[in-house]
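Note that the protein sequences, when read in sequence, are chains A and B.
Here the numbering used here is used: the first residue of the first sequence is 1, the next is one more, and so on.
Here the numbering used here is used: the first residue of the second sequence is 338, the next is one more, and so on.
Please keep in mind that the hints were generated in silico from the structure rather than gathered at the bench.
Note that this is a predicted model, so its numbers are computed, not measured.
The beta carbon of each residue, even a glycine, is placed where N, CA and C say it ideally should be.
Some hints here could point you the wrong way.
Said to hold, decoys possible - Derived coverage of chain B by chain A (criterion: at least 3 residues anywhere in the stretch with Cβ under 8 Å from a Cβ of chain A; other residues may be distant): (1) 450 to 463; (2) 498 to 512.
What the hints assert, rightly or not - Non-contacting residues of chain B with respect to chain A, defined by C-beta distances greater than 12 Å in every case (computed): (3) SER349; (4) GLY374; (5) GLU382; (6) GLY413; (7) ARG480.
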Amino acid sequence: MLRLIGRRLLAAIPNVIGIVVVTFILTRALPGDPAAFYAGPAATQEAVEQVRAKLGLDQPLWKQFVDYVGDLARGDLGLSISTGQQVLDEILRRLPASLELTLLGLVVACAIALPLGILASTRPGSWIDHACRLVTTLGVSLPIFFTGLLLAYVFYYLLGIAPPPVGRLDSMYSPPPHFTGFYLVDSLVAGDVGLFLAAGKQMILPVLTLAIFVLAPIARMTRAAMLGVLSSDFVRTARASGLSSSTVLYRYAFRNAMLPVVTTMGMVFSFMLGSNVVIEKVFAWPGIGSFAVDALVQSDYAPVQGFVLVMAMLFVAINLMIDILYTAIDPRVSIDD
Amino acid sequence: MDHPVPLLSVESLGVEFRTRSGTVHALEEISFSVGKGETIGVVGESGSGKSVLFYAVLGILDPAGRITGGRAVFGGLDLVRASPSELEAIRGREAAMIFQNPRVALNPIRKVGHQIEDVLARHTSTPSAALRQRAIEALASVRIPDPERRYDAYPFELSGGLCQRIMIAIALACSPSLLVADEPTTGLDVTTQAAVMDLISELAHKRKMATVLITHDLGLAAEHCDRIVVMHAGHVVETAPTADLFAHPRHPYTARLIATTPHGTSDLRSLAAIPGYLPDLRRGDLPACRFSERCDRFEAACTERPLARLDAGQPHSVACRRPL
């Protein structure tokens, strides 16, 4: 298992190098001159050049790149010129907010999609099968910003039963002492149930939005995989052996159907990280997605590069986790492959 | 081989499948019986309904399939009217089934030892501490070398022959009184086929277990079975003791089937193919005798209902208006 992890991490190195190069070039190729932006609209040409020299942007591109890589090697993602903060600190501070949202969204989606897919597969053509089809069709056809705005409009503005979309906590509360950065966990660690509920309430709408977005692929894959497995020879053997229907369904069919579902979940998790950019804007969530968008608008290179790099690392980590899960479920996947 | 009270007695069983392209009349008026300890062969070409017949009897029909009528009495209980949980309790304990292509008929991601344990835990009151030992004994009983080590193997690590032995071990773990072997040697290489068949025959005799061998290979059935049931297009057309059937086939289909079976002395030219195909079982106008359109002894009365009936009282009976 350690060999698998080591091998995967080694294999990820070329990817990360590629990402470093591409994000560096892409950010430079974007329209907009950061020096002019930060010098202000009234600045003289001289002042702009001063800012440019201060930011190091007067150097040739290869020199900028060497400096950037040198900083990266020391674990320095640079300074954000708009906030004056260390990018690494900012990202580490904001990452838990995004992860908490994403993980919870995935958990909620699975909690709905897996039973829905299983029930639909065991009763093809029944009302639950049609419900599954309806939900998956809605899920794929609704764009995520639309779902988010719709939920906020209906449940906050019209019905008034959801809290306002103002971020992780209502202004009446102050965040729990930092432990994991996940407010739900930290508030419980601090023993503050009121804070836990307040943080949970803020999460309902964004989590629901993300869950609706990813429910569809998971439910569809679960249904399809279960249908395939349920008509397979070994399930017939299990039934012919008189194993109880719950044993056949879960121990025999579902565990086999998990394989494609786990793959889908890895893919879906990546989608979710990407769509956080939108969700965080809609719900004023202080995660890394909204941070990156703000930086991008302001031609602030360092945070954008840092964001893309962190995302790339997350993708590598997720794929590794999926592979480990796979070997745990399926003995046919050899660790040495 | 007459038994006063058969172990399994199927009477007038009918099965149909609802499909998008119409209702398939898969089985009609199926009657036969299996005596205690008897080995019978169920023979017919692909699509004749051999496997479906036993899926229906054991209650593992596809959801699209439906039993339209008849009885299947096994040990005093009519399996057609039994509840799903009664059927579950019988399957694997009283009546077990093994299948073709053993490498895909076992759960690919579960250790074979655990698959045997699942059946033991379901049907016997073996304490869980003793399950492992019982499973290893079951592996040893089908002569799997080094059973302690094989216990931890996954199906993909074993050969087809070993997988079929594992299947047999699973099926026989609870000492059933009936074993249905559905093309057990299909998908195995030739040398393994003989070994697997010999193993099944030997275990059946030793345990006095009734065995149904479903096969399209008349030669294989002749070698291992006391009695043969010939099926064609969802009908039982003839049933007779093996020697009698080969010496005096009475149904034209049986006669042709025997003529198409190669044996030592026959050369290629003497092997005759049966003309035509199985009729489309979705047709609404199926003739009473479903072989009539392929038969050279056909006369108008052959298509008239009721069906020519087998005489269940006789050891050799045939469903034909113009038997040979």
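Hint by hint, here is what the structure shows:
no.	hint	in the structure
1	450 to 463	holds (count 4)
2	498 to 512	holds (count 3)
3	SER349	24 Å, holds
4	GLY374	21 Å, holds
5	GLU382	21 Å, holds
6	GLY413	18 Å, holds
7	ARG480	21 Å, holds
Figure legend: structure checked against the earlier numbered hints; every hint is met.
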